[in-house]
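Could you slot chain D onto chain U? The hints should help.
Protein sequence lines correspond, in order, to chains U and D. First residue of the first sequence: 1, per our numbering; consecutive thereafter. First residue of the second sequence: 1, per our numbering; consecutive thereafter.
In short, the hints are calculated from the structure, not lab data. Misleading hints may appear alongside valid ones.
[Claimed, not checked] DSSO-like mimics (lysine-lysine), calculated; alpha carbons at most 27 Å apart, straight line:
| no. | chain 1 | residue 1 | chain 2 | residue 2 |
| --- | --- | --- | --- | --- |
| 1 | D | Lys121 | D | Lys135 |
| 2 | U | Lys303 | U | Lys45 |
| 3 | D | Lys87 | U | Lys225 |
| 4 | D | Lys121 | D | Lys150 |
| 5 | D | Lys87 | U | Lys250 |
| 6 | D | Lys179 | D | Lys218 |
| 7 | U | Lys144 | D | Lys180 |
| 8 | U | Lys144 | D | Lys27 |
| 9 | D | Lys87 | U | Lys153 |
| 10 | D | Lys27 | D | Lys87 |
| 11 | U | Lys168 | D | Lys135 |
| 12 | D | Lys121 | D | Lys180 |
| 13 | U | Lys309 | U | Lys11 |
| 14 | D | Lys87 | U | Lys96 |
| 15 | U | Lys153 | D | Lys27 |
| 16 | D | Lys135 | U | Lys96 |
| 17 | D | Lys135 | D | Lys179 |
| 18 | D | Lys87 | U | Lys19 |
| 19 | U | Lys19 | U | Lys45 |
| 20 | D | Lys87 | U | Lys144 |
| 21 | U | Lys168 | D | Lys87 |
| 22 | U | Lys286 | U | Lys194 |
| 23 | U | Lys153 | D | Lys77 |
| 24 | D | Lys121 | U | Lys144 |
| 25 | D | Lys217 | D | Lys237 |
| 26 | D | Lys146 | D | Lys255 |
| 27 | D | Lys87 | U | Lys252 |
[Said to hold, decoys possible] Here are the in silico distance ranges between beta carbons for each label pair:
| no. | chain 1 | residue 1 | chain 2 | residue 2 | range |
| --- | --- | --- | --- | --- | --- |
| 28 | U | Pro97 | D | Thr79 | 17 to 25 Å |
| 29 | U | Glu222 | D | Thr142 | 19 to 27 Å |
| 30 | D | Gln15 | U | Val60 | 39 to 47 Å |
| 31 | U | Ala12 | D | Asp73 | 42 to 50 Å |
| 32 | U | Gln26 | D | Tyr25 | 45 to 53 Å |
| 33 | U | Pro300 | D | Arg167 | 50 to 58 Å |
| 34 | D | Ser207 | U | Pro97 | 26 to 34 Å |
| 35 | U | Pro97 | D | Glu19 | 34 to 42 Å |
| 36 | D | His32 | U | Lys194 | 37 to 45 Å |
| 37 | U | Val60 | D | Gln198 | 51 to 59 Å |
Just so you know, these numbers come straight off a predicted model, no measurement behind them. Cβ atoms here follow ideal geometry from the backbone N, Cα and C, with glycine treated the same way.
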Amino acid sequence: MKLNRLYSFLKADIEEIEKELEVAIQSDSSLLQEASLHLLQAGGKRIRPVFVLLSAKYGVYDINVVKHAAVSLELMHMASLVHDDVIDDAELRRGKPTIKAQWDNRVAMYTGDYIFARALEYMTHIRVPEAHRILSHTLVELCKGEIAQIQDKYRYDQHLRDYLLRIKRKTALLIAVSCQLGAISSGAPEEVHKRLFNFGYNVGMSYQIIDDILDLTSTEEELGKPAGSDLWQGNITLPVLYAMDDPEVKEKIIRVREESSLGEIQAVIEAIRGTDAIERSYALSKRYLDRALEDLDHLPANKVKRTLKNIANYIGKRKY
Amino acid sequence: MKFIDCNHQANIIHQYVEEQLHHSYLKEYIDHPYIDRDRIHFLLLPFAEANGDISLEEVQWISTAMLLQIALDTHEKVTNSEFDPLKERQLTVLAGVYFSSLYYKILAETDEVDLIAILAKAIKEVNESKISIYKGDHADITALMKTLRKREASIISNFFAFMDDSRWEEVVSDVLVYKKLIQERSSLEETETTSFLQALAKVSLPSAMRESGLLKKKSEGHRHLLSSLDRLIEGVKAAVHRNMEDGGLVAPNLKKIVLELLPYAEPREMTKLYAEEG
Numbered sequence: 001m002k003l004n005r006l007y008s009f010l011k012a013d014i015e016e017i018e019k020e021l022e023v024a025i026q027s028d029s030s031l032l033q034e035a036s037l038h039l040l041q042a043g044g045k046r047i048r049p050v051f052v053l054l055s056a057k058y059g060v061y062d063i064n065v066v067k068h069a070a071v072s073l074e075l076m077h078m079a080s081l082v083h084d085d086v087i088d089d090a091e092l093r094r095g096k097p098t099i100k101a102q103w104d105n106r107v108a109m110y111t112g113d114y115i116f117a118r119a120l121e122y123m124t125h126i127r128v129p130e131a132h133r134i135l136s137h138t139l140v141e142l143c144k145g146e147i148a149q150i151q152d153k154y155r156y157d158q159h160l161r162d163y164l165l166r167i168k169r170k171t172a173l174l175i176a177v178s179c180q181l182g183a184i185s186s187g188a189p190e191e192v193h194k195r196l197f198n199f200g201y202n203v204g205m206s207y208q209i210i211d212d213i214l215d216l217t218s219t220e221e222e223l224g225k226p227a228g229s230d231l232w233q234g235n236i237t238l239p240v241l242y243a244m245d246d247p248e249v250k251e252k253i254i255r256v257r258e259e260s261s262l263g264e265i266q267a268v269i270e271a272i273r274g275t276d277a278i279e280r281s282y283a284l285s286k287r288y289l290d291r292a293l294e295d296l297d298h299l300p301a302n303k304v305k306r307t308l309k310n311i312a313n314y315i316g317k318r319k320y
Numbered sequence: 001m002k003f004i005d006c007n008h009q010a011n012i013i014h015q016y017v018e019e020q021l022h023h024s025y026l027k028e029y030i031d032h033p034y035i036d037r038d039r040i041h042f043l044l045l046p047f048a049e050a051n052g053d054i055s056l057e058e059v060q061w062i063s064t065a066m067l068l069q070i071a072l073d074t075h076e077k078v079t080n081s082e083f084d085p086l087k088e089r090q091l092t093v094l095a096g097v098y099f100s101s102l103y104y105k106i107l108a109e110t111d112e113v114d115l116i117a118i119l120a121k122a123i124k125e126v127n128e129s130k131i132s133i134y135k136g137d138h139a140d141i142t143a144l145m146k147t148l149r150k151r152e153a154s155i156i157s158n159f160f161a162f163m164d165d166s167r168w169e170e171v172v173s174d175v176l177v178y179k180k181l182i183q184e185r186s187s188l189e190e191t192e193t194t195s196f197l198q199a200l201a202k203v204s205l206p207s208a209m210r211e212s213g214l215l216k217k218k219s220e221g222h223r224h225l226l227s228s229l230d231r232l233i234e235g236v237k238a239a240v241h242r243n244m245e246d247g248g249l250v251a252p253n254l255k256k257i258v259l260e261l262l263p264y265a266e267p268r269e270m271t272k273l274y275a276e277e278g
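Next up, chain U with everything else stripped away, as it sits in the complex (with noise of 0.2 Å):
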């Protein structure tokens, strides 16, 4: 099944905030707006808006405000992507060549600083000031956490703490905020959007998991990059992590630099491939999962309870 089937009954809501996101990027610069709508081409889950919506359905729902706090979420990821293509030289993103390769590093920055200034603009739709607050804190921990990925790369002393501390930043943190903003954004109780924090928060560590697990489960087709891209890159994931359990395997992956050839990693992917890393991951990710729909449990009984569940299943089981 389709992560978008599992949200139908959102698809109007869904195409308005697809059409205002095309608003948003127009640009009195037609390369700006040129280079902003080749991302927004290139696709996505919309997993923050898809959050963002389901739990605004807690409190007074109504699109024309939720909306914007959708857009501004949606717009943040797309510009953190455009900044992240240059920071690592990526070519392709979704199968689709990346900003900074298709024009140049100059063009990505002035394009993600201006997506970036759009989701602001819409963000300040929302004149809830703990919103505002919420939220930038979100994005300054956000970037302590990519300095902090890059301070530690290819730093093989990592523990796991530092692990979940990193993907925390990196990704469960802005779909936690996306769950609790849609909640404040339409009025909804403190302890229900507390809980659609906590919610997002264990989604978004499942989800970020799994990422990890498929960069090295995965076929390069699937990815649209090669496997074992973010260990190339220095970057320790947790199943990397649980295979330097073995001594073995931690010698080969330990001698893993930027300029390894492709035969090397993928020859280190084996090995660990070759360890219970792999399940041992899935299993941490499972217990995510589980704190997850516990949060749920907490929640009203109805059609939005039980999508949050199936996307939070989704999450937990998808292949690529």
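Below, chain D alone, put in the same frame as chain U:
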């Protein structure tokens, strides 16, 4: 506010911005961001008639405008060169994002949603202008100069709009353009190419002259570009003088502040006076 008080306020803001910018790991790999004191003084202009110190909230407003400028300037350092060290480039990108998220965080903490929106509009305008100059899509020099003005002054202009005080907008925009042109001139003299110089060459030189090598000193293209820049500098300088001499626009004590800031923009009479005094 007296000049001495303005300096004191500028110091407070400078210090506040310094504290926000501090990040021990970034510090190891990227150049310390440049904090333009002139810009702090310009942002203080709407408060010039206040008695006594400005509030902490106002310090934060001005500081966020400064942080944004620094964020955008930081991203301007990301080049297309394949030879730049990877880690430096990565951290330069992240530093810019970090500084702009700090602007949002500080304003969100003061509940100043309107200023968040106004400064976001400025970021949008600055990036539209930057890409337009980078791609050199101008019909003539006038259009190029209009874009340069937007690139240099959008943050301050939008800040003045937030303060509902547009008295200083024109003079400050002129001064910022003037400063930028002086900087571009020195880049040309150092034979460093910039997107503005390329855009200027495109609208002011015949293509044969552009192809002859702008950066070769004493080449025809180089000489022509230098003289185009000098004409533009003279034009903007004259506009600054006109504004400075307009007593209705610039109150005497503020005129002094701007003159202290901009020795290169002294009114002609004053330059003449110094020359006569030896």
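Q | Restraint check for Lys146 of chain D with Lys255 of chain D, where alpha carbons must lie at most 27 Å apart | A | Satisfied, since the Cα-Cα distance of roughly 25 Å is no more than 27 Å.
Q. How does the Cβ-Cβ distance of Ala12 of chain U and Asp73 of chain D compare with 42 to 50 Å: does it lie in that range?
A. holds (43 Å)
Q) Quick one, are Lys87 of chain D and Lys225 of chain U close enough, alpha carbons at most 27 Å? A) holds (21 Å)
Q. Is Lys87 of chain D within 27 Å of Lys153 of chain U, Cα to Cα?
A. Satisfied, since the Cα-Cα distance of roughly 10 Å is no more than 27 Å.
**Q.** Restraint status (C-alpha distance of Lys121 of chain D to Lys180 of chain D at most 27 Å)
**A.** Cα-Cα ~22 Å, so holds.
Q. Taking only the CA atoms, is the gap from Lys87 of chain D to Lys19 of chain U under or equal to 27 Å?
A. Violated, because 38 Å separates the two Cα atoms, which is more than 27 Å.
Q) Does Lys96 of chain U lie within 27 Å of Lys87 of chain D when you go C-alpha to C-alpha? A) holds (25 Å)
Q: Using the Cβ atoms, figure out if Pro97 of chain U sits within 17 to 25 Å of Thr79 of chain D.
A: holds (20 Å)
Q) Are Pro97 of chain U and Glu19 of chain D spaced within 34 to 42 Å by their CB atoms? A) holds (41 Å)
Q) Hey, Lys168 of chain U versus Lys135 of chain D, does the alpha-carbon distance stay inside 27 Å? A) Given pair Lys168 of chain U, Lys135 of chain D is violated - Cα atoms ~39 Å apart, limit 27 Å.
**Q.** Restraint check for Lys87 of chain D with Lys252 of chain U, where alpha carbons must lie at most 27 Å apart
**A.** Holds, at roughly 24 Å.
Q: Take a quick look at whether Lys144 of chain U and Lys180 of chain D sit within 27 Å of each other, Cα to Cα.
A: violated (32 Å)
Hints 7, 11, 18, 29, 32 from the earlier list are contradicted by this structure; the remaining hints agree with it.
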